[in-house]
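If you're matching them up, the sequences are chains A and B in order. Residue numbering for the first sequence follows the working numbering, starting at 1 and increasing by one per position. Residue numbering for the second sequence follows the working numbering, starting at 1 and increasing by one per position.
Please keep in mind that the hints were generated in silico from the structure rather than gathered at the bench. If you're wondering where the values come from, they're calculated on a predicted model, not measured in any experiment. Any given hint could be a false lead.
Chain A regions said to be covered by chain B (calculated; three or more residues, Cβ under 8 Å) [unchecked claim]: (1) 31-37; (2) 86-96; (3) 154-165; (4) 170-182.
Using N, Cα and C, we set each Cβ at its ideal position, and we do this for glycine too.
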Amino acid sequence: MEKTDENLMLRYADGDTKAFEILYTRHKGGLYRYLYRQCRNAAIAEELFQDIWMNLIRARARYTVQAKFTTYLYRLAHNKLIDHYRKQNKGIPVSFDDEDCPDLDAIADQRAENPAVLYDKHQQREQLDSLVALLPEAQREAFLLREESGLKLEEIANITGVNVETAKSRLRYAVSKLKAALRGDL
Amino acid sequence: MNRDQELEEYLQGDSELSKRYQQGKELQPPASLDRAILAAAKAAVADERGKRKGWLARFLDSDWLTPVSSFAMITLMAIAVYMLIVPDPSTSTGLRPAADMAGKKPVPADTATTEVPKQTLPVKSTSTLTDTGKIDHKTLEHVTHQTPKAWLEHIDKLYQNHKTGLAKAEYRRFKQTYPTYPARSVLGSKVLQLEAINGPSKAKTRARRKEE
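With these hints in hand, go ahead and build the complete structure from the sequences.
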């Protein structure tokens with residue numbers, strides 16, 4: 001049997017724990033980074049990460065191939081993240097309601113605090129991380145889903161529960177801001 | 001370059017932004033979390049298998065079954081060896097004593113023809129009467145029959161051959177073995193004569209009534 005994510009999940013539903021190991025190894029990094037960069041707290045990210053996988057384990061018997069496994073996994077993650085936001089005092093971030101949310105000021109401020117020239121790749125990467133962290137949550141989510149799981153716009157829209165145009169708009173703003181910040185255009 | 005062009009370039013997958021982001025993929029969940037999740041995945045499957053198993057499978061898997069089955073096997077082997085070493089005295093001759101038969105539960109008259117114990121055919125009837133005319137009961141006890149009907153026919157034959165003493169002794173033994181069997185169906189009116197000849201004494205009748 002071909003080792004696609006969907007087949008691995010079906011095999012796990014039939015009791016093949018080796019299939020689950022392969023699936024977990026494939027997706028653990030991307031999912032963890034998505035959560036960590038969204039909530040910016042290692043302890044919370046780990047808790048959410050564990051909850052998501054436990055939900056997946058519990059729901060294995062009901063799993064059917066209706067979409068890509070990645071879409072299924074990240075939808076669980078998105079819902080978990082929204083639950084997490086709800087439990088916080090601040091509630092769900094405004095950026096999830098604002099379709100365009102062109103919050104460029106924060107990026108500009110961050111850019112001003114950092115040196116203009118980045119000498120090595122490590123520094124460049126750290127700089128990018130901090131810029132990503134400054135994006136509004138909804139835009140950051142769209143960018144992270146694209147980068148960590150390689151999802152298409154339609155799939156990002158499906159996971160986040162918005163139409164394709166909104167997903168496209170969020171990603172467009174995220175890319176534009178990050179590029180501008182890295183170029184020093186702001 | 002406007003934002004739409006930037007997005008198109010980015011979605012093609014080879015943008016500088018993506019390349020830079022992909023450099024930072026060393027961030028991974030802690031190993032302890034990996035172990036916990038993989039263990040939970042295995043435990044869930046094991047638990048489900050346990051639930052799916054029927055009661056018989058769980059019974060066969062139980063730890064105490066092996067010693068119990070070993071004990072049962074040893075006991076059965078001991079019984080088999082004992083039976084081989086110590087033969088049953090009643091089966092050594094292949095015959096069952098008539099006394100055993102007499103001690104059996106009475107068979108109802110209506111089922112007597114179908115539920116009678118099988119008996120072997122007469123062995124020898126040569127020594128049923130001694131030279132002095134007395135009946136040799138020890139010999140009689142070894143004369144057994146395939147069916148009650150055959151036995152009655154044998155008695156009838158004795159009676160017709162004027163061996164009255166032998167016939168009444170056989171008839172008495174038959175009645176002890178099959179007290180409710182309808183002997184009249186084979187012997188007819190001869191039964192009255194055999195019973196008259198053979199009838200128990202008044203003293204014996206009284207004693208039997210007392211026992212009852």
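Verification of the supplied hints:
1. Counting residues of the stretch 31-37 of chain A whose C-beta sits closer than 8 Å to any C-beta of chain B gives 3, which meets the bar of three, so the coverage hint holds.
2. Remark: the stretch 86-96 of chain A is not confirmed as covered by chain B, as 0 of its residues place a Cβ nearer than 8 Å to a Cβ of that chain, below the required three.
3. With 0 residues bearing a CB less than 8 Å from a CB of chain B, the stretch 154-165 of chain A misses the requirement of three and the coverage assertion fails.
4. With 8 residues carrying a beta carbon less than 8 Å from a beta carbon of chain B, the stretch 170-182 of chain A meets the three-residue requirement, and the given coverage holds.
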